[in-house]
Every structure is written in structure tokens, then in C-alpha cells.
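One line per chain: the protein sequences are A and B, in this order. All letters in the first sequence, in the order written, are residues 1 to 597 by my numbering. All letters in the second sequence, in the order written, are residues 598 to 1227 by my numbering.
Possibly wrong hints are sitting among the right ones.
To be verified - Which chain A residues face chain B? A few, computed with CB under 7 Å, are given here:
#: 1; residue: 103
#: 2; residue: 104
#: 3; residue: 105
#: 4; residue: 106
#: 5; residue: 108
#: 6; residue: 109
#: 7; residue: 112
#: 8; residue: 113
#: 9; residue: 121
Said to hold, decoys possible - Within a straight-line C-alpha distance of at most 27 Å, the following computed DSSO-like cross-link-like pairs (lysine-lysine) qualify:
#: 10; chain 1: B; residue 1: 662; chain 2: A; residue 2: 171
#: 11; chain 1: B; residue 1: 859; chain 2: B; residue 2: 1172
#: 12; chain 1: A; residue 1: 160; chain 2: B; residue 2: 1062
#: 13; chain 1: A; residue 1: 304; chain 2: B; residue 2: 643
#: 14; chain 1: A; residue 1: 362; chain 2: A; residue 2: 171
#: 15; chain 1: A; residue 1: 78; chain 2: B; residue 2: 1062
In short, the hints are calculated from the structure, not lab data. Cβ coordinates follow ideal geometry from the N, Cα and C atoms, glycine included.
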Amino acid sequence: MCAVLQSSGIKIIEVRIRNFRSLKEVDVPLDWLTVLIGENNAGKTSFLDALFVAIGAGRRSISIDDIYLAKSEKTVPKDRDVIIDLLIRPTDDSGNITDAFQAGEYWIELYGEGISQDDNDRDFIAIRTQMKWNATEGEYEVERKFLGDWQDPGRLDQSKTKKTVSANQIKPLSLYLLDAKRDIKEEFQSRSSFWYKLISDLGLENELIDEIEYELDKINEGIISGSGVLNHIQEHLNGLYKTIGGDRESVSITPITRHLRDLSKGMDVNYSTKGAQSFPLARHGMGTRSLAAVLTFRAYMTWKQRNSDGRNIHPMLALEEPESHLHPQAQRALFFQIEEIPGQRIISTHSPYIAGQTDVSKFRHFRKVGDNTVVTLMDIAGLDQDDIHKIDRMVMNTRGEIIYANALVLFEGEQTEDQALPIFAEKYWGQHPNALGISMVGVGGDGLYLPFIRLAKSFQIPWYIFSDGENVTVTKVKRALTKAGESISSTRLFIIPDEKCFEEYISVEEYKDVLIDMIICTQSQNPMHKAALKEEWIRKTDPLNDICSTLKKDKTLYGKRIAEAIIDMENEDLRFPPLIRSLFEKMSGDLGLEKKG
Amino acid sequence: MNIQLSKTQCRIVQHGEGPLLVVAGPGSGKTRVLTERIRRLLNEDKGHFRILALTFTNKAANEMKDRLSETPNIDQRAFIGTLHSFCMEVLANRGKPVGIEKLPSIFESYQDRKQVLSQAVMEDPYLRHKLNIILDAKSQDRRLNSWLDMISAAKNNLYLPEMLDDETERQVYEAYNNGLRVSGAVDFDDLLLLTYRLFQERPKIADFYRRQYRYICIDEGQDLNEAQYQVIRALCGLEHRNVMIVGDKKQAIFVWNGANPKYLDQFEQDFGAKKIFMNDNFRSSQVVVNVAKSLVSEYEVEGQLPIVGSIELIEGMDEQHEASLVLDYIQKLLNEGHRDVEGPITLERCALLGRNRYALSAVEDELNKRQWPYYKQLSAQHESESDLIQDFEIGLRLVVNPFDRLHLSMLLKRWNMREGISYFNQRADDGLSLLSALKKRVSNDDQIAVIQAIESMEWTEQNFKFINAIKYLDDYANNIINQDERALILEDIKIWQKHWDYYLRLQPGGSHTLTSFLGQVALGTTQQPRQEGLALLTVHSAKGLEFDVVVVMGMAEGTFPDYRARNAAALEEEKRDAFVAVTRSKRLLAFSYPKTKVMPWGSKRKQNPSIYLETVGLIKHDKSKKTNAS
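When you get a sec, could you build the whole thing from the sequences and use the hints?
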């Protein structure tokens, strides 16, 4: 669960965007923490920008380049409007959605008639930001209105609009956008930064300010009287009052500023890593500076909340690639820092380390289909809590790689396949499957394929099942497929024939010799022992059966070696057992890979 | 102006939670107390909430808004308006359960409603028969009027058609309602009835408003009728008790229209309300207070101004003479001022009141003759006078509601078109296509101008540019050769321009749709609170206003009290009308009447001074005169 430090009493639960850049038509549910994943250029930044246009803490004008343009079109039709709809619901103190705003709540005063009720009399607020072309002004005009209903996604034009939303009705929802270029150095310099907003009022008592400024005067005097050169300059500048007029004391050099308010402008932060000398943050590397900017924002938000009774600000943060420039270990630690930022956070990330710590229901997967962005999320219908935990664990274990995979190969997760398949794959494509973005995932002994098929389908990852042939196992596989809405004769399914398990499958005449060699090599402790073992094997009446039972007895030990033994065989036809070969052939076709080995 | 509040006023301003009934005599500062309490609650009361302030007239609402305009976010934190506009808002946002999908068209005028009724009756064989068995047209017309009154009364008592005993009445009521709905319209009484039903049938919707409005303030409680009171009760449900009603039984002047001061008592009982009296009169001079006291003996005044004031009686030979003398009286005050009136007296500080609008017709002619600026507020609704702008108005209605059969058939008749409603309905499914279908059939310049003016607004459901239409019509009108016609049109355009300006002011940065604009015009919210020149008002439209100089004209028997007031209750109400009329005056009061009058049929008739002139001591009791008259 993600911490909601202090619930504001509302939650934006859905965003709908029409015609904003590649976002022709996307509907994205939001959570307290929402993680946007997907390839570069898939539309994640556009999504954050669209949100910023709707409720951003700052103005962003829209130009014709921000309007959706289909490939077949040369220019944007002037009647194409951008629409960004937000659906807001009341919540209780712990952030759970409730049916109604309570009397006396800030939001009921703020939105009043802007609040609507659905057919079940549940309160909601829907805000539409619409941008349309104004021919007279020659620019896009932004207009915000409350909606009286939350139509089906296909009927947004039927929405009933109500009153205009005023600026102060948007302000409490302000979205802060920390883009990938954030830098604490800029924060220190910019007057509109969070840093500046925080330190512009230090909240010191007047007496204390007097005291400090008195000390500053003393320090100034000390510097001047101690410095020959400053004395010298001051003497010459006295020419000012001699020529223009004034008192003798009217010219004075202040080596350091005498006013506290000016002093804080030069405020700096020093930071030292273990054992190193402390030096200003602004001269640290980009990773540290970027992180410092995020933390400054957190300080700003929590400070603001603390000073405003907390229930009349709904903090919204859009954070682009929080991992940028950070070491993997630091990326992992970063997640906890993000969790402590109050309010609703929307993060776009390519970091498996960050994704790995998020539960799967929080992912929104962005991808391009033609010119359009399509957003999907994990379909959890029919999954129980265990299934979801299972995926979360797997995401965590694979450090998030599973989410970013180009393909998933699923199997029951016994040691043999787990260890053997990657080796076959590396031989086949000449590259480790990790490098190709292929995740090989053991779903566990119970054949829990369903959550992973769902995951793969939700995020449009091609998936394959490589399964033992025993009846019990096959039944489980087929049940999972049916539940996932797939055909039980799916071409993605590779089942070992003749009701065999993997060990049985390879314990065949063709591999007899290499496997025996491999077993002997593994078991033998010295050359003499090796010879004896050889003898023993020659005498066996049913060597294939014995191979099989040996392999089965110690799967951890043999899994890897089986594969290593087979891939180096001279006869190319034998290097990949037929079922593995056809799996790889199918994957090569789907993913556009080429066989190398 | 920052006069200190009196102790009583302070108690009311400081009142927090719980029901409160304030009995406030004229000039006791009730508007001030209402606004100051709202200001205090918004500034001082902890927590987040809104305030619902319901006034009787839009003028009062606008005045209150003006006074509170400096309170931050006042538009967002308070709804200030009439109960009707509140109901309109509720129905527009939540009306679905009672069949209101979007902002409905409002048929506010009596003529429109009567047209709906007569069409509905004609289309129903049974009702047509019921009407046709009455032979002469005049009686038929009277029957339609009485039916219309019956429907209005039923709605104001929250009766649905099926609750009526009389079969014919039930069918008339039903047919009329269907006629309205077919045109996508509601009438004024529907606003209350539908809101009441909504709150009753969907308690959660009422609950939403209770959660939103922590405090409810209601002005002019003596003029509530059954429907209004029940809407308020349904809104409050069992739990909401932070309701303050301000009222004064002595000023109840709408009993003839279904209102009843008894709701003040009912409120006190139903809500268990605390009661505070405001018996000071810091508005009127001593003379005015004394006149008011002599009219209503139970009128008690505690605090009073140390200003004497003056009272005059102006007797004209006939109405023209009366008008001329009244204006002479005003002229003298304009020239010389008065010791009891601070500063120079201007026309804006004076008002001429009449029991009905006809009592003011002669003086209107005289004003025109003397070319004095004046304005009239003789009926609640606005009416355009020129044909062109009337057509334009109908056109506007049709753009937003092309299913408005009533106004479509009106327009077709006005434009002498051969095609019927169905011809156009087949060719148009939205406002703009209806307009272009009409355009293909028109020939005359005026008609084309009307349509092109509307088209120039670039109307959409969400947006429109009213100012384009105004400009277009203005240009067009300036090229009309007939001077009278041109003047009339330009005058109408000016009024619409004012409506528009006022509408924009009411909804700053708000959603400006044509539907909501027309709705606000119909509700009267765009009426200007004060205008330039001398005010000509009926007693009923003068409610809530005050002037330094007030002349009540036409103070003759039969006019004031009205000849139709025969029973004791009606006569009591006439007396309260007189009470309200005189208490509009802050300083100087005058009565006038004509000794003779030309009746509508041309003959001259002697007029006797009103009984009230005797009551207030301006005329001695004279037996011989009385016998002469009878």
C-alpha cells in the first residue's frame, strides 16, 4: 500500500483525454500512486502535459502542434477540440472513496453546485477542460466547466455541461510537474521555484531578525576594518558625497548583505557523502541534484499542507523519471521517498527498480498503435488476492523486468526448465534472453498461469507457455487459458507430448550418449571414479530410464548441465529438442529475432 | 455609511445556529440585518459552508449582492436570489428524476400560458366540447382564464392533476401540462412544484443541498405561499434547522395571489423558532410613521427619527390636472429642496405610486410632454414593444428549443406563413436548421433581419455571441425610415442590451449559454435595481424600495381601495397595500386624486376621495358628501 499521509477528502479517480497529441482517446484511472510505463514516445509525457494543461500549477498554452493529427491528415481540422475530463470523488480520512461529501467540508463550499450526483445519488465532481480554436484571436482558447454527468467513454459529446470552473476552484488541485530536467540548481536560482517559495518567508520573530541584523552589521564592520583593500576603496568612494553631497557616513561598503531577507537569497545546501569533503549541492552530480529537487518539492508540499489545515489542498504531483541519473541502489531507495510525498502522485518511469516496488494494479501501460496512444492496465477480474500478490512478488523478484519484457515464457517453474531454457535460448539467438528482453518465468508448482497471462495480455507482452505433458498439469494449463479468454489450442502453448515431463522428454536415444557423459562428468570425483561410472552405465539394461530418474532426482544439479550438454552437439538438428525449437521459431517470428546458433 | 447597529439588530446579526423568526416592521433595517448577518457568518463562522439567501424579488437579491460584493468569493459562497431562481438552479442540475433533463424553457407570460391551454383544450375532444357548449366568445375566454387560475392555484397548493376531484378540471390541468411538456417548457408554478416533488421523492438530493447550505435566510416571509413554504420544509427535512425568516404580517400584500402570512406562525411552530421583533423605524419621518400608524393601528414603533417630514394632499379637477399638479409639486421640490431632506432633491429620489398601472397613465403622458426622464416598473416581466424585437425574442426561444410548438406557431402566424408546424418539424431537428428552414420561406426584410441577427450569434449549446445580434439589429434599425418605429425598436434593443450587461455581471466568467440567459430574463434576475429618472411604480412593485419623496396617486374610492375588494379580508389587504405604499417614503409624503375621471367608455364620472385620506386625517369626515356620492 502506498501511504496517503493525510487525505484531502477527494481523489481524482479518472482522466479522459481526447485529441491531445497522440492521445486521441485515452481513459486512465488514477490511484494515489499511479505508475506510467511504456516505451519512449508512447505518450507518457503527453499524458502528464495534458493533465498539466487541465489543472497545472502554472499556465501552459496550447498550440496547433498539441492537437491530434492522424497520419492521413495534412492539417488539423479547426473544429477538433481537445478535451480533458477529470472525475473526482469524495474520500474518507484514509483515502477510501465515499458516497457523499460531508456538510462543513471545504470541497462542498468550494464546488457547491459544481458537485453532481449520479443515478445512485452518489456525489462526484467532473471537470472538463476544453480547448477550441478561436478564429478571431487565432489561438486555442481554454475553457473549464463542471459536468453534470459522467458519460460512457464513447459519448463525451453528450455530456451535460454546467457552470464555468473558476481559477480558485482549480487551484487546490494544482498539479506540480517535475519533469526529467529538474535540477536543484535551477531551484536555487528561480524565483518561481518551490525552494524560493519555501524560504521566502523564514518565519523568524522580528526581534530575532533585529538581533541577527545587528550581528551582521558587526561582522561587516569587522571585515572592513580588517581589510586594507576595502578601506582603500571606501576612501575613494567617499568622493561621491564630496561631489554630489550627503553625509560622511552615506558611503559604506557591505561585504556581506546587511538584511536577512537578502541573505537567504544566497542560501545554499552543502552535502557530503561518507568520507568526502562537504561541498555545495549545486556542484554535485545530476543524480543528487535531481533527487534534491524532488525532496525540496516534498518539503514544499508537506509544509503547505501543515500550514493550511491539510484538508483544503489536494496535492497532485506528476513526476517524470524519478530515477534519472541515479544509481540502481539509489533508485530502489528512492521509492520510499516518493511514497512519502503527500497526495496523488503520477510517476512515469523506465526503472525496473522503481516498478519492482509498485503493485501491479498501479501500472498504466502506454503504447503506440499506429498514430494513437493506447493505455491499458492490469485486468484483475477473476483474480484473487493471492494471484495479485503472486504477480507483485514476481515483479519484485525480477526487479520489475517482467513489466518491461518484450516477451514472457511461462513454465511451471521446476528447476530444469528454469535453468535449461535460458541456455538453449542464448545458444539459439546468440544473446542472453535478458538482453533480448525475454523474461522466463516459473509460475510455481501449482500451475498459476492465469495472473501472468493476464499481466502479459494487459501490457501487450507476447507470452508463451512451455509445459510438461502430464494430464494433471495440462488440465491446469487449459483451465488458466480458458479463464484468460484464450483458446486451449493456442499457438502460444507448447506442451511436451505423450504425457511426459521434461526429463522424460529428453531421455531419448538421440541424447543418450551426451546425457550419460554429462551425468558421469557431474558425478565423478577423479578419473578412476569416472572410468568406473562409465563401466556401470554400459552395463545398464534400461539406460534411458536410468538417465531420466537420475535427472529427476537432482534437478538443481542437472538443469543447467542438460542444456549445456545438448547445445554443443555436433549435429545441429539435435542441438535443440524439437519442442524447444518450435517455441523459439515461433518467438523469432513474433519478435523478429534471428537464429544464430 | 457605517451606522452602528442597534441592540436588537446586533442580536440578529450575531445569531448563529437554530431557527429564528424576525418580525421586522418597515424601515427597521431588515435588509441591513440580513446582509450583515451573512457577512458575519461568512467571515467569522468556522468551517466550510455556503449560505442560501432567498429574497422575494430579484431587485432585493441584486441589492443584497451589491452590498455583499466586497466579501471575498461571495458568488461562490452564497446563493442570493429568489426562491424561483433557486428552484430553477436545482432543476437544471438535478431535475432528471422529475423529467427535467436540461435547463427548460420558461413560459412566464400569461398570454403564452393561455395559448398553451387553449391549444391543449382544442386538441382534446372532451375539453373542446366543454368549452364549446359555452356559446359566446367572451364567456369562453373567461372560462379559459378561470381554468388557468385553477391550474395555478392547484400547483401553488402542490396538487397534481390526479389529486383533483373534478373530472374536467383534472383533464384541463393534465392537458395543459402536456402542452407545456410537448414544447419542452415549464411555467413559474412548475418550478416550485417540481422542486418540491424532487426533494420529496429523492431525499438524498435535498440532503445534498442541506449539506451545502449550512444557513438558510428567507426575506419577506409574509408573502410565502403553500408551495414555497413546503419547498423550504422539504429542503430542510427533519434535521436542518438553521433557518432564519424575516417577515411582517402588516406588509402582507400578496394574499390575493395565494400568499399567506400564516406561514410565519407555521414556521415558528414547525421549526420551534425563536422570535425577535424589530420595532424601530429609522427610515421614515414622523409624519410618515404617523400616517402608517393610523392606517394599521397595531403598528408599534419604538425607535424613530427626529425628523418631522411633511404630508400633502393634491386634488386635481381630472386626471390630467392631477398629473400636472403632482409634477408641479415635484418640480417645486427639485427647485427649492426641503428642510427635512438632506441635499438637493433629484428625480431619482422621488417616486409616484399607484394602486394599479392605470392610475399612472395620465402622469406618464404629462411626463412625456414635459420630457422628464422616468422609468416604469409596472409588471414583473419585461415585454418588448416593437414587432421586430418581439419576433427576435421568439426566434431566440426557438433556437434553444426547436420543439417549442407554442412559439413556433406564434411566429408562423405573425409571419403569415402557409406552412404548419409539422412542415418545419420535418425539416429541422435542431435550432439552427429550424432557422434555416424558416429563412427559406421568409420574404420580408424584417423577417430576414431577425433570422440573420440570430445567425450572427454563432450559437452553440455551450456558447453564443449575443452582442453580434444586438449590433446587427441596431444597424438594421438605424436604416428604418419610419421614425416612430425606429425609436421603438432602438428602445427595445437598449433594454435587451441592458439585460445582457446585467446577465454578464451576474455570472462573471460564468457559463453564458442562451438557454440560461433567456431563463434569467424570464425569472427577472436581469432587471435593473434602480434606473434613471422618476420612478413610476405600482404598490406591489414598490415593495422593498424606499424614496425620499413618495406621491401615492389615484387616491379615490374604487381605485384605492380597489372596487373589487368587497369582503373584510380583501379590504384588510387593501389597507396593508396603503400601509406598504406610504412606508416607502423616507421623508415627504403626498396623496393625490382626480375629482373626475373619464371612464374607458368615454363618460366622465365623479370621483370620491379614498376612505384612507379620511383615515389618515387629510379629509374631515363629511356626511353630506357621502350621501351625495351614493
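Evaluation of the interface hint that places residue 121 (chain A) against chain B, nearest CB under 7 Å: 4 Å, holds
message: For residue 859 (chain B) and residue 1172 (chain B), compute the direct alpha-carbon distance and say whether it is at most 27 Å.
response: 18 Å, holds
- request: Could you grab the alpha-carbon distance between residue 160 (chain A) and residue 1062 (chain B) and see if it respects the 27 Å cut-off?
  value: 20 Å, holds
message: The hint names residue 104 (chain A) as touching chain B; please verify it with the least Cβ-Cβ distance against 7 Å.
response: 5 Å, holds
Satisfaction of hint between residue 1062 (chain B) and residue 78 (chain A), Cα-Cα up to 27 Å: It holds: about 19 Å lies between the C-alpha atoms, which stays within 27 Å.
Cut-off 7 Å, beta-carbon criterion: hint that residue 113 (chain A) touches chain B: 6 Å, holds
Closest C-beta approach of residue 112 (chain A) to chain B relative to 7 Å, hint status: OK, holds: residue 112 (chain A) within 7 Å of chain B, min 6 Å.
- request: Measure nothing beyond the straight line between the CA atoms of residue 362 (chain A) and residue 171 (chain A); if it is 27 Å or shorter, mark the hint as holding.
  value: Cα-Cα ~26 Å, so holds.
- prompt: Is the interface hint for residue 109 (chain A) satisfied, with its Cβ closer than 7 Å to some Cβ of chain B?
  reply: 4 Å, holds
message: Between the alpha carbons of residue 662 (chain B) and residue 171 (chain A), is the straight-line distance 27 Å or under?
response: 25 Å, holds
task: Measure nothing beyond the straight line between the CA atoms of residue 304 (chain A) and residue 643 (chain B); if it is 27 Å or shorter, mark the hint as holding.
output: Distance of about 20 Å is within 27 Å: holds.
- prompt: With 7 Å as the cut and Cβ atoms as the points, is residue 108 (chain A) at the interface with chain B?
  reply: 5 Å, holds
Violated hints for the displayed structure: none, as all numbered hints are satisfied.
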